[in-house]
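Chemist: Residue numbers (the working numbering), protein chains in the order written: chain A, 1 to 288; chain B, 1 to 384; chain C, 1 to 256.
Treat the hints with care, since some could be wrong.
As the list claims (entries may be wrong) - 25 Å max Cα-Cα, derived BS3-like pairs, lysine-lysine:
| no. | chain 1 | residue 1 | chain 2 | residue 2 |
| --- | --- | --- | --- | --- |
| 1 | B | Lys320 | A | Lys77 |
| 2 | B | Lys48 | B | Lys299 |
| 3 | A | Lys275 | B | Lys218 |
| 4 | C | Lys56 | C | Lys76 |
| 5 | C | Lys175 | C | Lys137 |
| 6 | B | Lys12 | C | Lys137 |
| 7 | C | Lys29 | C | Lys70 |
| 8 | C | Lys76 | C | Lys27 |
| 9 | C | Lys160 | B | Lys218 |
| 10 | B | Lys246 | A | Lys251 |
| 11 | C | Lys56 | C | Lys80 |
| 12 | C | Lys56 | A | Lys275 |
| 13 | C | Lys29 | B | Lys218 |
| 14 | C | Lys175 | C | Lys160 |
| 15 | C | Lys80 | B | Lys218 |
| 16 | C | Lys27 | B | Lys218 |
No wet-lab data here; the hints were simulated from the structure.
The lines below spell out each chain.
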Amino acid sequence: MDFIVTLVNGLSLGGIYAMIALGYTMVYGIAKMLNFAHGDVIMVGGYTVLVFLAVNPVLAIVMSVIFCLLLGIVIEKVAYKPLRGASPLAVLITAIGVSYLLQSLALIIFGAAPEFVIIANLGTLDLGPISIKYSTIITLVATVIVMTVLSLFVKYSKIGRAMVAVSEDRDAARLMGININMIITITFAIGSALAALAGVCSLLNVPTITPTYGAMPGIKAFTAAVIGGIGSIPGAMVGGILLGIVECLCKAVPEIAPYTIAIEFAILIVILLVKPTGILGKKRREKV
Amino acid sequence: MASFMNKLSKIKWNHYVNYAAVAIVAIVFSAMTFAGGLPQSTLFLLEKTTMNIVLAVSLSLVVGFLGELSLGHAGFMCVGAYIGGKTACLLDGAIDGKGILSFIISLAVGALVAGVFGFIIGLPALRLKGDYLAIVTLAFGEIVKTVFENSSKESFGGPIGLRTPRFDKQYLFIIGFILVLLTMFIIQNLIRSKHGRAITAIRDNEIAARATGINVTKYKLVGFIISSSLAGVAGVFYSFANSTVKAAVFDYNYSIEILIMVVLGGMGNISGAIVSATVITYINTQLQTLLTGDLAVLKDIIYALILVVIIIYNNAPSLKFFREKYNMKALVSKIFKFVGKPSAGKDDESAWHRVPTKIEMNEILSTDLKVVESTLEPDKEDKG
Amino acid sequence: MAEYVLETRNLGISFGGLKAAQDVNLKIKKNEIYGLIGPNGAGKTTVFNMLTGVYKPTTGTFLLDGEELKGFSQEKINHKGIARTFQNIRLFNNMTVVRNVMVGLHNLPEYKCSLMESLFRLPRHFEVERTMRERAKELLEIFGLIDVRNHLAYNLPYGKQRKLEIARALATGPKLLLLDEPAAGMNPQETAELMDTIRFVRDNFDMTILLIEHDMSLVTGICDNVTVLNFGTTLAEGSVEEALSNPDVIKAYLGD
Chain A
1 MDFIVTLVNG LSLGGIYAMI ALGYTMVYGI AKMLNFAHGD VIMVGGYTVL VFLAVNPVLA
61 IVMSVIFCLL LGIVIEKVAY KPLRGASPLA VLITAIGVSY LLQSLALIIF GAAPEFVIIA
121 NLGTLDLGPI SIKYSTIITL VATVIVMTVL SLFVKYSKIG RAMVAVSEDR DAARLMGINI
181 NMIITITFAI GSALAALAGV CSLLNVPTIT PTYGAMPGIK AFTAAVIGGI GSIPGAMVGG
241 ILLGIVECLC KAVPEIAPYT IAIEFAILIV ILLVKPTGIL GKKRREKV
Chain B
1 MASFMNKLSK IKWNHYVNYA AVAIVAIVFS AMTFAGGLPQ STLFLLEKTT MNIVLAVSLS
61 LVVGFLGELS LGHAGFMCVG AYIGGKTACL LDGAIDGKGI LSFIISLAVG ALVAGVFGFI
121 IGLPALRLKG DYLAIVTLAF GEIVKTVFEN SSKESFGGPI GLRTPRFDKQ YLFIIGFILV
181 LLTMFIIQNL IRSKHGRAIT AIRDNEIAAR ATGINVTKYK LVGFIISSSL AGVAGVFYSF
241 ANSTVKAAVF DYNYSIEILI MVVLGGMGNI SGAIVSATVI TYINTQLQTL LTGDLAVLKD
301 IIYALILVVI IIYNNAPSLK FFREKYNMKA LVSKIFKFVG KPSAGKDDES AWHRVPTKIE
361 MNEILSTDLK VVESTLEPDK EDKG
Chain C
1 MAEYVLETRN LGISFGGLKA AQDVNLKIKK NEIYGLIGPN GAGKTTVFNM LTGVYKPTTG
61 TFLLDGEELK GFSQEKINHK GIARTFQNIR LFNNMTVVRN VMVGLHNLPE YKCSLMESLF
121 RLPRHFEVER TMRERAKELL EIFGLIDVRN HLAYNLPYGK QRKLEIARAL ATGPKLLLLD
181 EPAAGMNPQE TAELMDTIRF VRDNFDMTIL LIEHDMSLVT GICDNVTVLN FGTTLAEGSV
241 EEALSNPDVI KAYLGD
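Chain A extracted, bound-state conformation (with noise of 0.2 Å):
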């Protein structure tokens, strides 16, 4: 009964990783860029509920989202814009920077010590021999209907297909009149929207926050990613659940709970070696 209890709690984890991974894969397939400053929206997004906390819960939320995706438009903007065009080594290490930037801006602000955000006091569902936590369903039921909503956006809005036919042939994209940079600032926006959900969901089972609550998530999402094939959003979504999954698995046996980032990473490494563009990722290769 055990095992079925570390089995949810570890789809829901997997859930949050498969949210902040849609962020990371998303704007790696659109901007081609590994947005590392990914795991620190999170954050924001914690601190935004915090703040809003005391006005009212779903206000708390709502703001958080509005926020963070107004964050991922303002950063897109200020930092990785100009560097359109330029080596995606240097975006990188901007994004780096922003990643420290948002981090030290939080410490500034509500310091180091961790600050409890308790949005609402959920109790156990209790199903006989099993006990499931409520907010454990909230963040399995969140994330389902998070992953229908984007697959038929990407699948059917205008907007979406615009994304899909970006990431494809940036070039030929431009071409058939679609506007690259509003489809990036969307796309940021999006993402930094799920990240801020993702915030509130990881937030409802552990609630406490320090500036550096979105680096260790945001690490294990962007591993999520590339597990499941960097640019593919069912990838991000297998890789997700994948490693949440293993993680609670790790974690529920003592002995090697320890070591449950190095096996999360070893994981990683043995899909890599054995299929060198992730689970569902697509393979492309140079003409020679």
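With chain A's structure known, arrange chains B and C on it following the hints.
Modeler: Chains B and C in isolation, oriented as in the chain A frame:
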């Protein structure tokens, strides 16, 4: 006599300028120590600077010359620090653990083990490129960190860290400078040889390098092994400079900081890496000491702002015109106008001292996935 | 000494069921300039990729001077004596012209120098560097690139980049030189110059050359024999006039 003069004139002096610069700095500081002693803070800064220079120059081999992005350099350093530190602990009973002999043995062991890890991480580099290799190296660094963090108390000290014998504090920085010179010697000699040329050829065009008969497997591994052993050397040095080695120090943020030193120094520019490692270490430590109390929180934000501004200024396509008008080179040539024209016209000697040029950075972090050709499998062979 | 420098026997490859090339039988004699022609997508470059080890042939095999090379790695095949140029020029762009050629000389036995000899600057290192540079300069002299030897390869004009690629391939000391569309993007005058260069290479380097080309003036001008490919299969082979007057070939080029 004439033949001797002739020989002297043939030596490419400009090869040795950066050695000389480092040596002069080392001698000046040594003299100051012997004369009256340096304050603790300066000694600390010198140790940290020399360590970071070794790290930056060695990473420069992989990123700038081999053209592979590594985010796990601190992981190799971690291996060196723990293994070297442990060796020193074991030697402490047998021979004097604080002596130079113990240091040299630890250094060799640490570098060797780190080199073995470099080989292991070089293997995926044969198959993966760009972002994928970046995440694998990052993962490697985190794995190493976790494993040492959770080691038993007897073996590597576990979460509280490994206690190591400390070297005589007063003169440790001199060893640091010797290690810097050693690193420069190895990396520059490698780069300025046919082997270095093969490595840069792989960076510039892997497919062409293969077709030209370059053993890509060998040279990629050579690059990774040398770079990681030198990171191991820096790690051993760290273990001697500090009384405890804690895994948490060697996280990916440290790897990224080393990468930043390499990038700001100009990819494939060793002197640049040395300068930028020095400047970054200095700024970091100065900010730490200047901004005390309530202002301490400003340290990171200033650092981050400097970083973003420099990168955007140096790389934004829209600022290209501005950059070309006002850059260091133009400034220097304005000041030293009277020196005359650069000696480019003479023969290839002048071009030769220039270590293989600055690299187009997008060739490293591929915008498109580059799957190495050999991973493409045609259909299975028909038998018969 | 085998009768043919290069002999392919029923060489073929398929990707996911698609037969990109099949039953290619080339027989190239020493000092021959041999053309491999055909419409776009005929599988010419695929043949080159098989001959240089980029792809492993699915069927058949090929022999260089009577030695079977199928299944060897790209670098091994180069050491055995096949060098190539690329359709889209692949130079070491951030390196100087002279160094591009020196990379080509890397594996020749006379320039052998171990890693340790280089790291510790033993006399051997300096000797090898000096002789390699001299040899590279000789090659550049031949190709008229000596004046630009200290320029970055990237900054050369197109025609010189093509020449440099040939020089680099020759530096590896091959028995057989594969040229993939050497005249692509050249004007008639440059093409004429290129034809002279190719002939010169054959005569002075005792070279056998296999080339892919669309420019028929070049093919008729210098090729001794040709093979025409279409959809991966051989349409015709023999002397240029014979092959080009073959009705199948005319149909393949001009349509029905």
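Chemist: Are the hints correct? Go through all of them and say.
Modeler: Do the hints match the structure? See the list:
Under the criterion of a C-alpha separation no larger than 25 Å, the hint pairing Lys320/B with Lys77/A is consistent with the structure, at around 19 Å. In summary, the hint linking Lys48/B to Lys299/B is supported, as the alpha carbons are separated by about 18 Å, within the 25 Å threshold. For the given pair, Lys275/A sits about 22 Å from Lys218/B by alpha-carbon distance, which is consistent with the 25 Å threshold. Only pairs whose Cα atoms come within 25 Å are accepted, and Lys56/C paired with Lys76/C is accepted, the gap being roughly 13 Å.
Of the pairs offered as hints, the one joining Lys175/C and Lys137/C holds, with about 21 Å between alpha carbons and a cut-off of 25 Å not exceeded. For the proposed pair Lys12/B and Lys137/C, the alpha carbon gap of about 20 Å is at most 25 Å, so the pair holds. About 19 Å separates the Cα atoms of Lys29/C and Lys70/C, which keeps this hinted pair within 25 Å; it holds. For the proposed pair Lys76/C and Lys27/C, the alpha carbon gap of about 22 Å is at most 25 Å, so the pair holds.
The hinted pair formed by Lys160/C and Lys218/B fails the criterion: a straight-line CA distance of about 31 Å is larger than 25 Å. Between Lys246/B and Lys251/A, the direct Cα distance comes to roughly 23 Å. Compliance with the 25 Å bound is thereby established for this hinted pair. Taking the CA atoms of Lys56/C and Lys80/C, the gap is near 16 Å; set against the 25 Å cutoff, the hint holds. Our distance criterion of 25 Å between C-alpha atoms is met by Lys56/C and Lys275/A, whose separation comes to about 20 Å.
With a C-alpha separation of about 35 Å, the suggested pair Lys29/C and Lys218/B falls outside the 25 Å cut-off, and the hint is violated. With a CA separation close to 23 Å, the supplied pair Lys175/C and Lys160/C stays within the 25 Å bound. Taking the CA atoms of Lys80/C and Lys218/B, the gap is about 18 Å. The hint holds against a cut of 25 Å. Proposed proximity of Lys27/C and Lys218/B is contradicted: the alpha carbons are some 34 Å apart, above 25 Å.
When held up to the earlier numbered hints, the structure conflicts with 9, 13, 16 and fits the remainder.
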